[in-house]
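There are 2 protein chains.
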Amino acid sequence: MQQNLQETIALLGRTPATLDALLRDLPESWTFRNEGENTWNAFDIVGHLIHGERTDWMPRVKTILQVGESRAFEPFDRWGQERETKGKSLAELLDEFARVRSESLSELRGLNLRSEDLERRGRHPALGVVTLSQLLATWVAHDLTHLHQVSRVMAHQYREAVGPWSKYLGVMQCAGHSSAS
Amino acid sequence: MQQNLQETIALLGRTPATLDALLRDLPESWTFRNEGENTWNAFDIVGHLIHGERTDWMPRVKTILQVGESRAFEPFDRWGQERETKGKSLAELLDEFARVRSESLSELRGLNLRSEDLERRGRHPALGVVTLSQLLATWVAHDLTHLHQVSRVMAHQYREAVGPWSKYLGVMQCAGHSSAS
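Line order of the protein sequences matches chains R and S.
For the first sequence, the residue numbers in numbering that gives the first Met the number 0 are 0 to 180.
For the second sequence, the residue numbers in numbering that gives the first Met the number 0 are 0 to 180.
Hints listed in this document are in silico derivations from the structure and should not be mistaken for laboratory results.
Check the hints yourself; a few may be wrong.
[Said to hold, decoys possible] Below, computed lysine to aspartate or glutamate pairings styled on EDC-like, alpha-carbon distance capped at 20 Å:
| # | chain 1 | residue 1 | chain 2 | residue 2 |
| --- | --- | --- | --- | --- |
| 1 | S | Lys-61 | S | Asp-76 |
| 2 | S | Lys-166 | R | Asp-76 |
| 3 | S | Lys-166 | R | Glu-27 |
[To be verified] With the Cβ distance kept under 10 Å, some of the chain R side facing chain S (calculated, not the full set):
| # | residue |
| --- | --- |
| 4 | Gln-1 |
| 5 | Ala-20 |
| 6 | Trp-29 |
| 7 | Ala-71 |
| 8 | Asp-76 |
| 9 | Ser-101 |
| 10 | Leu-104 |
| 11 | Leu-107 |
| 12 | Val-149 |
| 13 | Gly-162 |
| 14 | Lys-166 |
Glycine included, C-beta positions come from ideal geometry on N, C-alpha and C.
Kindly produce the complete structure, drawing on both the sequences and the hints.
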């Protein structure tokens, strides 16, 4: 399946409401527990998504359109969410993610990208040449990676509680292959 | 973390709205594509959750309370969703899942389970003796397994489209460890 701008936007637009439905007002035993040292809980994951919205996705789209391959993207700080989350509640983060995602998508729609624009090229600091279309597809897949991660992190909390069923539950076999961008 | 009835119900109650926010009215290119032969798409997964609601979770809770270990649970038909989904739209399945889940949770709350009830034992046809508490924890983890799966199945559709970013995206490394109960 090729990246398709309308299908990309359709999915990107649903992620904030999906996380909101899953996480808002859920007991903190679900949302503030992680998988162990140097891993993320649901709160951290929403903070990471906000941080990506501010520093990664639309900024990189604009870098491609403005300077092409001539300058590499700013590297993304995978722990940058600490600045986004300090002193905030999960409800505040969910509100903020919905707002910044909505702004990003307004900006993306406003670019009126044509299919030839999607083939424009940029330079990733580690991966080298990438296209705008690949960047947009990665934005979607990054959302899904973190929805996949948050499901796994919460299931992890009942790892012992499920007893012998553990071996039947796919999410319990998932080897923490988490995220990046 | 021990299984806790209030925390279990809090999460179980959110799954229908989470899937609704993610899937309703999404283009069918996301919801009707799977990961290859004998795998499920998002539509199949919602059908499977409905089938579990009718035949698996509360029926097994009641079996434990009524007959204990003396009779094994009915085996769960992992492909039973075909009967649930025939001729229906995804929107109809999402409505139906919300309704049957809500009925299950009303019934569960109505049992007024005490902590000593949670240690009552039943017999799984393959796993042997299990407790009511383990069954309830598994119900939650099963929801999360399928949220994890639906994220992976949709990300799979952009597997090629993300280009070189694929290796950074955890969900693309996930080895289809799916489901069961």
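Now for the hints, and whether the structure bears them out:
Restraint check for Lys-61(S) and Asp-76(S): the C-alpha separation of about 18 Å stays at or below 20 Å, so the hint holds. Our distance criterion of 20 Å between C-alpha atoms is met by Lys-166(S) and Asp-76(R), whose separation comes to about 17 Å. Proposed proximity of Lys-166(S) and Glu-27(R) is contradicted: the alpha carbons are some 32 Å apart, above 20 Å. The criterion of a C-beta within 10 Å of any C-beta in chain S is met by Gln-1(R), whose closest approach is roughly 6 Å, and the hint holds.
Here the hint on Ala-20(R) is kept, as its CB sits about 4 Å from the closest CB of chain S, short of 10 Å. Below 10 Å, beta-carbon pairs count as interface contacts, and Trp-29(R) has one with chain S at about 6 Å; its hint therefore holds. Interface hint at Ala-71(R): violated, since its Cβ lies 14 Å from the closest Cβ of chain S, which is beyond the 10 Å cut-off. Of the supplied interface hints, the one on Asp-76(R) is violated, with its beta-carbon coming no nearer than about 14 Å to a beta-carbon of chain S, more than 10 Å.
A hinted interface residue such as Ser-101(R) counts as satisfied when its beta carbon comes closer than 10 Å to some beta carbon of chain S; here the least separation is about 14 Å, so the hint is violated. Contact between Leu-104(R) and chain S, as hinted, is not supported at the beta carbon level, the nearest pair being about 15 Å apart and thus beyond 10 Å. For Leu-107(R), the interface hint is violated, the least distance from its beta-carbon to any beta-carbon of chain S being 16 Å, above 10 Å. For Val-149(R), the interface hint holds, the least distance from its beta-carbon to any beta-carbon of chain S being 8 Å, beneath 10 Å.
Annotation: Gly-162(R) was flagged as interfacial toward chain S, and the flag holds, the nearest CB pair being 4 Å apart, inside 10 Å. Because the smallest distance between the Cβ of Lys-166(R) and any Cβ of chain S comes to about 9 Å, under 10 Å, the interface hint for this residue holds.
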